[in-house]
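Residue strings, one per chain:
2 protein chains.
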Amino acid sequence: MTAMPVATPIAFTEEQLATVSYNADGLVPAIVQEHGTGQVLTLAWMNADTLRESLETGRTVFWSRSRQERWRKGDTSGDRQFIREAFFDCDGDALLFVVEQEGQGACHTGNRSCFYRPFGPD
Amino acid sequence: MTAMPVATPIAFTEEQLATVSYNADGLVPAIVQEHGTGQVLTLAWMNADTLRESLETGRTVFWSRSRQERWRKGDTSGDRQFIREAFFDCDGDALLFVVEQEGQGACHTGNRSCFYRPFGPD
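Sequences listed follow chains R and V, in order.
Here my numbering is used: the first sequence runs in plain steps of one and ends on residue 1553.
Here my numbering is used: the second sequence runs in plain steps of one and ends on residue 1553.
In case anyone wonders, no lab produced these hints; they're calculated from the structure.
Backbone N, C-alpha and C fix where the C-beta goes; we use that ideal spot for every residue, glycine too.
Among the hints, erroneous ones may be present.
Taking CB as the label site, the calculated pair distances span [stated by the list, open to error]:
hint	chain 1	residue 1	chain 2	residue 2	range
1	V	Ser1497	R	Gly1509	36 to 46 Å
2	V	Gly1523	R	Val1437	27 to 37 Å
3	R	Asp1522	V	Ala1479	16 to 26 Å
4	V	Asp1480	R	Gly1509	39 to 49 Å
Chain R residues, not near chain V, derived (Cβ > 10 Å throughout) [stated by the list, open to error]:
hint	residue
5	Ala1449
6	Gly1457
7	Arg1501
8	Trp1502
9	Gly1509
10	Arg1511
Whenever a hint applies, use it, and build me the whole structure from the sequences.
Shown next, in the form of structure tokens:
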């Protein structure tokens, strides 16, 4: 039996948050990688509010570009992501979240990772 | 002594390439992950031409948004990336390249990964 994952806030400083730069739509790409396996699960987008909420709550919260709304991973699917580590890159224009992935995975298709299709012959 | 890495083309179909969608600037984000360690090295951007060149040559080739020019990783730094696997995501709007990283790493700062700064207290 696996213990229920627990959401743990990620500490941050206002100076670190101010280092993050956003595109013209106010968004920054966020890579989500699985803790332990290192599998890259998905690439999603955050704005300043959902980045702050993600760190404060220890859950990944994104901005849906198609629906133009805040979207907390797992609220619909049940497959929550509990943040264990969070990084910002050298230029401050990309983020990396290392998460404990709940349930069957990160992808709406039912695959564990959104990157389930390799280039190559069928 | 480590054997010199060899560039190996990645097979693809035109149908797969046509699945990739680009933003208003004609770009798609490309996650680069290290083969073997699973470390996420960088997030960079490709256009249709540099994606095709990357697959055909087996080396990562990006589009520099700041310089507005094609940029083949390693041509300046010597730290080339040899592609071992390549994936496109469920929506076709993000790419993942698993690479053999040459030299000291992927980041222009000298760090192995561009994601060397964790959120948290200094």
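Verification of the supplied hints:
1. Ser1497(V) <-> Gly1509(R): 36 to 46 Å: Holds, since Ser1497(V) and Gly1509(R) (Cβ atoms, about 41 Å apart) stay within the stated range.
2. Gly1523(V) <-> Val1437(R): 27 to 37 Å: 35 Å, holds
3. Asp1522(R) <-> Ala1479(V): 16 to 26 Å: 23 Å, holds
4. Asp1480(V) <-> Gly1509(R): 39 to 49 Å: 41 Å, holds
5. Ala1449: Its Cβ never comes within 10 Å of chain V, the nearest being 12 Å, so this holds.
6. Gly1457: At about 14 Å from chain V, Gly1457(R) clears the 10 Å cut-off, so the statement holds.
7. Arg1501: 19 Å, holds
8. Trp1502: 14 Å, holds
9. Gly1509: 18 Å, holds
10. Arg1511: 19 Å, holds
Every hint, counting from the list given before, is met by this structure.
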